[in-house]
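Chemist: Given the sequences, and given the hints that come with them, work out the whole structure.
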Amino acid sequence: GDSVTQMEGPVTLSEEAFLTINCTYTATGYPSLFWYVQYPGEGLQLLLKATKADDKGSNKGFEATYRKETTSFHLEKGSVQVSDSAVYFCALIPPGGGYNKLIFGAGTRLAVHP
Amino acid sequence: AAGVIQSPRHLIKEKRETATLKCYPIPRHDTVYWYQQGPGQDPQFLISFYEKMQSDKGSIPDRFSAQQFSDYHSELNMSSLELGDSALYFCASSLAQRGLGAFFGQGTRLTVV
Numbered sequence: 001g002d003s004v005t006q007m008e009g010p011v012t013l014s015e016e017a018f019l020t021i022n023c024t025y026t027a028t029g030y031p032s033l034f035w036y037v038q039y040p041g042e043g044l045q046l047l048l049k050a051t052k053a054d055d056k057g058s059n060k061g062f063e064a065t066y067r068k069e070t071t072s073f074h075l076e077k078g079s080v081q082v083s084d085s086a087v088y089f090c091a092l093i094p095p096g097g098g099y100n101k102l103i104f105g106a107g108t109r110l111a112v113h114p
Numbered sequence: 001a002a003g004v005i006q007s008p009r010h011l012i013k014e015k016r017e018t019a020t021l022k023c024y025p026i027p028r029h030d031t032v033y034w035y036q037q038g039p040g041q042d043p044q045f046l047i048s049f050y051e052k053m054q055s056d057k058g059s060i061p062d063r064f065s066a067q068q069f070s071d072y073h074s075e076l077n078m079s080s081l082e083l084g085d086s087a088l089y090f091c092a093s094s095l096a097q098r099g100l101g102a103f104f105g106q107g108t109r110l111t112v113v
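Protein chains in written order, with the numbering used here: chain A, 1 to 114; chain B, 1 to 113.
Possibly wrong hints are sitting among the right ones.
As the list claims (entries may be wrong) - Pairwise CB distance ranges (calculated): (1) Lys-52/A <-> Ser-65/B: 30 to 40 Å; (2) Ala-53/A <-> His-10/B: 37 to 47 Å; (3) Arg-109/B <-> Thr-26/A: 39 to 49 Å; (4) Lys-57/B <-> Gln-45/A: 23 to 33 Å; (5) Lys-68/A <-> Thr-20/B: 37 to 47 Å; (6) Gly-58/B <-> Glu-42/A: 37 to 47 Å; (7) Ser-80/B <-> Gly-78/A: 45 to 55 Å; (8) Asp-54/A <-> Glu-82/B: 12 to 22 Å.
What the hints assert, rightly or not - Derived coverage of chain B by chain A (criterion: at least 3 residues anywhere in the stretch with Cβ under 8 Å from a Cβ of chain A; other residues may be distant): (9) 20-32; (10) 98-111.
No lab work stands behind these hints, which were simulated from the structure alone. Backbone N, C-alpha and C fix where the C-beta goes; we use that ideal spot for every residue, glycine too.
Modeler: Shown next, in the form of structure tokens:
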């Protein structure tokens with residue numbers, strides 16, 4: 001079935017370090033891909049998305065590129081801040097599934113210290 | 001901008017009791033999704049509604065039921081609560097257009113004691 005695999009956390013970085021969180025997916029056809037972020041005690045916020053191969057989603061300095069050949073959608077940021085500390089979820093909408101029914105990865109916790 | 005509103009934010013119930021969670025979607029969104037997130041887990045899809053009809057069903061226990069009303073708000077009813085039902089319950093809404101993603105509420109934290 002359709003699934004998402006993320007790198008395990010926690011990821012611990014110093015402020016201004018470069019961030020990469022790996023995400024790979026398994027799906028038939030071309031799913032839509034998303035990154036959501038969850039701050040402590042809050043709901044999930046849509047961070048960025050890409051709906052077709054080679055699309056790049058970007059928001060708030062984060063970016064991810066839809067790579068069909070490697071079935072990946074890695075999240076990157078050039079310089080992280082303490083305020084980026086959160087749990088990041090990679091997710092997909094299968095091509096044949098509900099309009100926006102999301103399948104999530106396990107989440108990766110990011111901790112940024114000063 | 002208006003967001004998805006869930007109530008209550010926190011709920012404490014005893015085993016075997018009943019709970020009702022409410023969700024008010026973003027205005028003009030016609031699709032509602034319910035998810036359950038256990039501690040340290042990813043959100044698991046429970047059920048969804050489109051235009052007041054159930055559109056998809058995931059890992060929702062038979063003890064749970066849900067519906068979407070004429071004003072598009074939705075309620076998740078949970079009966080015979082068990083300790084294992086303790087979790088964060090999220091509602092999300094979207095337009096019925098593939099690939100937009102869904103917008104989540106703040107969640108209801110249910111604790112069963």
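Chemist: The structure should be examined with respect to each hint, and the outcome stated for every one.
Modeler: Hint by hint, here is what the structure shows:
no.: 1; hint: Lys-52/A <-> Ser-65/B: 30 to 40 Å; verdict: holds (37 Å)
no.: 2; hint: Ala-53/A <-> His-10/B: 37 to 47 Å; verdict: holds (43 Å)
no.: 3; hint: Arg-109/B <-> Thr-26/A: 39 to 49 Å; verdict: violated (31 Å)
no.: 4; hint: Lys-57/B <-> Gln-45/A: 23 to 33 Å; verdict: holds (26 Å)
no.: 5; hint: Lys-68/A <-> Thr-20/B: 37 to 47 Å; verdict: holds (44 Å)
no.: 6; hint: Gly-58/B <-> Glu-42/A: 37 to 47 Å; verdict: violated (23 Å)
no.: 7; hint: Ser-80/B <-> Gly-78/A: 45 to 55 Å; verdict: holds (51 Å)
no.: 8; hint: Asp-54/A <-> Glu-82/B: 12 to 22 Å; verdict: violated (46 Å)
no.: 9; hint: 20-32; verdict: violated (count 1)
no.: 10; hint: 98-111; verdict: holds (count 10)
When the structure is compared with the earlier hints, violations turn up for hints 3, 6, 8 and 9 and for no others.
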